[in-house]
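Novice: In case you want the letters, here they are:
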Amino acid sequence: MKFTLAQINRHIGGRLIGNPETEIVTVSGLREARPGHLCFLANRRYLKDLKDTAASAIIIPSDIEPPSGKNIIVHPNPSLAFTEAFTLIHPPQAPVTPGISAAAEIAPDAIISKDASVLPMAFIDRATTIGSGTAIHPFAYIGANCRIGENCLIYPHVTIREGSIIGNNVIIHPGAVIGSDGFGYITIDDNHIKIPQVGIVEIEDDVEIGANVAIDRARFQKTLIKRGTKIDNLVQIAHNVHIGEHCLIVAQSGISGSAEIGHHSTLAGQSGIAGHIQVGHHSIITGQAGLTKSIPQNSIVSGMPARPRHIEQRAKAALYKLPELIKTISLLEQRIRDLEKKAGFNRPDPILTTIQDQTNME
Amino acid sequence: MKFTLAQINRHIGGRLIGNPETEIVTVSGLREARPGHLCFLANRRYLKDLKDTAASAIIIPSDIEPPSGKNIIVHPNPSLAFTEAFTLIHPPQAPVTPGISAAAEIAPDAIISKDASVLPMAFIDRATTIGSGTAIHPFAYIGANCRIGENCLIYPHVTIREGSIIGNNVIIHPGAVIGSDGFGYITIDDNHIKIPQVGIVEIEDDVEIGANVAIDRARFQKTLIKRGTKIDNLVQIAHNVHIGEHCLIVAQSGISGSAEIGHHSTLAGQSGIAGHIQVGHHSIITGQAGLTKSIPQNSIVSGMPARPRHIEQRAKAALYKLPELIKTISLLEQRIRDLEKKAGFNRPDPILTTIQDQTNME
Amino acid sequence: MKFTLAQINRHIGGRLIGNPETEIVTVSGLREARPGHLCFLANRRYLKDLKDTAASAIIIPSDIEPPSGKNIIVHPNPSLAFTEAFTLIHPPQAPVTPGISAAAEIAPDAIISKDASVLPMAFIDRATTIGSGTAIHPFAYIGANCRIGENCLIYPHVTIREGSIIGNNVIIHPGAVIGSDGFGYITIDDNHIKIPQVGIVEIEDDVEIGANVAIDRARFQKTLIKRGTKIDNLVQIAHNVHIGEHCLIVAQSGISGSAEIGHHSTLAGQSGIAGHIQVGHHSIITGQAGLTKSIPQNSIVSGMPARPRHIEQRAKAALYKLPELIKTISLLEQRIRDLEKKAGFNRPDPILTTIQDQTNME
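Chains as they are written, first to last, in the working numbering: chain A, 1 to 362; chain B, 1 to 362; chain C, 1 to 362.
In short, the hints are calculated from the structure, not lab data.
Being a predicted model, the structure only gives us computed values, none of them experimental.
Just so it is clear, CB atoms sit at the ideal spot from N, CA and C, and this is done for glycine as well.
There may be inaccurate statements among the hints.
[Unchecked claim] Sample of chain B residues lacking proximity to chain C, with all beta carbon distances greater than 12 Å (derived):
{"#": "1", "residue": "Gly29"}
{"#": "2", "residue": "Ser62"}
{"#": "3", "residue": "Ser79"}
{"#": "4", "residue": "Ala110"}
{"#": "5", "residue": "Ser113"}
{"#": "6", "residue": "Pro120"}
{"#": "7", "residue": "Gly149"}
{"#": "8", "residue": "Asp190"}
{"#": "9", "residue": "Pro323"}
{"#": "10", "residue": "Glu333"}
[Said to hold, decoys possible] Derived DEER-like restraints, expressed as beta-carbon distance ranges:
{"#": "11", "chain 1": "C", "residue 1": "Arg337", "chain 2": "B", "residue 2": "Ala317", "range": "25 to 33 Å"}
{"#": "12", "chain 1": "C", "residue 1": "Asp115", "chain 2": "A", "residue 2": "Ala144", "range": "30 to 38 Å"}
{"#": "13", "chain 1": "A", "residue 1": "Pro35", "chain 2": "B", "residue 2": "Glu324", "range": "26 to 34 Å"}
{"#": "14", "chain 1": "C", "residue 1": "Arg147", "chain 2": "B", "residue 2": "Pro196", "range": "45 to 53 Å"}
{"#": "15", "chain 1": "B", "residue 1": "Asn191", "chain 2": "A", "residue 2": "Pro108", "range": "34 to 42 Å"}
{"#": "16", "chain 1": "A", "residue 1": "Gly275", "chain 2": "B", "residue 2": "Gln334", "range": "22 to 30 Å"}
{"#": "17", "chain 1": "B", "residue 1": "Lys114", "chain 2": "C", "residue 2": "His276", "range": "41 to 49 Å"}
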């Protein structure tokens, strides 16, 4: 739906500066914004983005000077106002048409809300409950004794194995697997004997799980994804992992068994977390990093094994000077040899030349 | 099917040198070839491979000296001749038996070519069109308003979400997901609010997509895979990515949002591309490399963050000399100290010893 | 099921030291164990774990001194005794209820054991055989001409393409793809022409395959996973790979075409193996390592490109001293310059200062 800036301003109750006829088609972040987008600024830290944005309008707080040449809505609480505008422009999708397809396969004792939607070729096993407003798509598999909350979207080819607990407003994208066995063996005489994995997976409210993700059930108790956490495609989450609230777990990252991730942490793409370690709240694991030890809150780490990012960056920058450094040291050695000669010292065989040659050979 | 070399030569019209009764069972590259295989050589660069190949016969151009002891077909256009031989030996598979299974679930207004094959337990949603010669396997899910071209192979458990456009001769392997939501949120007061992902995915002709790949739909407009590109298993392609023609995207590599990959580029296994950057045509990202900045065409990059391969290799080679180098510098310092003593200088405390000890301790 | 330690001891015939009424609910490894768990110790190497374990009881051999304060069963063969206790506490799951659902889609000439279980919405193609005790779950796809052995668990959304051979006691988790085409092309005039992939996949007895794994069929002959090997989630196994017996292939690792992995080897998480190389028996590829060359048996390698772990660790440790080392060399150069001045030598321009500045700038 399209709105004029005036319509949006009336809805959120701010003070409009600029052209009230400006057309707004969607919302966006300051950096990604394009014409037709509405953004907001809550923090002075992003003043530069405010200046550079291509957005058609921005909601800003009262204590920031409105920049000239921009359409601005001044509001005492920009993030609240933005949320209200967001909902105006993109109203929550109309609930799926309720109903249970006769072409779905549903156990007689499954309890499906009359306001849920179960599409053809879905499979729901015994003693499972499905909440109001939830849609179960074709080829979704829900095992026995699961509890699926309200207003969830379970896409095609999702597997939710027995005993899983899914909260409300959870979105699970195609091909994701919830509740597969953890990877646990005892090795006896060189044979790997499977350890029973008898725990479950619990997913709290407002979690989103990407395509072809794998989340293993716990050995005992539960693998836990707390509310508001968003998981991208092809992520691996091993047994007994606990992920805190409002984390971002980016594509192809992997979390080993029993690791714990604090609230509001970010795992960037293709990063890995070793087993049995803790990541403090508000931490960032950068892309392809491999974390092997616990880190306190507010950490930012890079590299493999991961170290604080500034240390990793300084070391990596130095690394690319290393071939040059070896040459330099060779020159210094020559100068030392000249000094030694003058001082009448015995001259040892040169060492650096050898090192340098070997380096060049590789 | 088996052919004699004479039969193949008659088909492609070359000049045969060697045993015309040689049996050929398939085609292959020079390096991988085994007895019974036919290869071709188009470029003098690979003369060494010609000498070493185990192939039973090779097609070569007129301007290359036929090697002794090999079965050779001389042809003015080896690559064309090879393609013709390829098609002779491996004729395109007979079109799937046309027909729509009564055990498939198909929306009444879907338009399925009478020459397409829809197998039992496939699902095709409303207003979707399926072209002639295309096979939709069991448990394939095709959402609403999709356009699937001709002669495509859609394997079991593929998910193609609503609005996707698939060209002709496209192969999509089991478990691949096309059109899942992009990973996009606006963070308001520490909550990640989902940004609507209202674009589509478009796959052009002759693309192949591996097992359990994930390709996200665009935020707006489209995620685009251009013609002739081949994607291996478990690859992640984020929203708004554009991949050029005839690329090779090897297994478990990942491309972040809005990145653009030029024509004829290769992403080797487990490599990663950051968001919003450009990879020039004919570039190579080597295995496990992490590219964080745009690169011009014909680049070859390695490491994380990725640098030109020769720089990365030189730095890595030097790195493994570093422990030895530290010892060397310690020796040089000792020699400087000896010189300083003789010169009557004050001697500072040794520095290198400390560094070296710390290194050894880790 | 719960047992007292006395009951377990009677079953395995050992000598009990400690409280016979101790309750045992499951088995576990010494390090992971918690109260209620039974463990075993077979090797003096793990004596420290014996001391530290939280297990409620441990089976130890006759030649190890029972630690005080622990519940102990002394047994001449602890690993055998542990296996017997394991089976007592976790008896093999009752065979699935045999039967073929009328809601499954099965080719008339498929041969299904009367003791197998085929659940609703499974698909089994022509000329495939399913052994006794095997369960085929909803949305499992078994292509034509497959042989599936006895007592296998084929979970939902598994794809097993035509011609695959699966042994006995094999577990395949949801979303795994067996037998997709290998990634093989011949490039002719910049076009990638698909090479037919006409081999198969063979999985031997006692193999476990994780969720959303991809195992490609061979170009010719077979991709082979030998008995007892365990594969975690989201692993990529390319065409013609051979994996030996009793390997552990951890999540998100990838093995390129035609590589061979020896017996009892471990690929840790997110590691990668290049094509056409050999990994010797009993080797370990550590997390995120990238192996580009063959290695002999008993190797332990790290890094990219992978080197022996102790060399990689020494180099990485030295790397983080490098920024400090550059400063040190700069100081040494200053001292050389002072000596040169005193000796009346011409002083060259300082070199190190430049390097250092560039390093700091990045």
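Novice: Enumerate the violated hints, using their earlier numbering and listing them in ascending order.
Specialist: Going through the list in order, the structure violates hints 1, 3, 6, 9, 10, 12, 13, 16 and respects the others.
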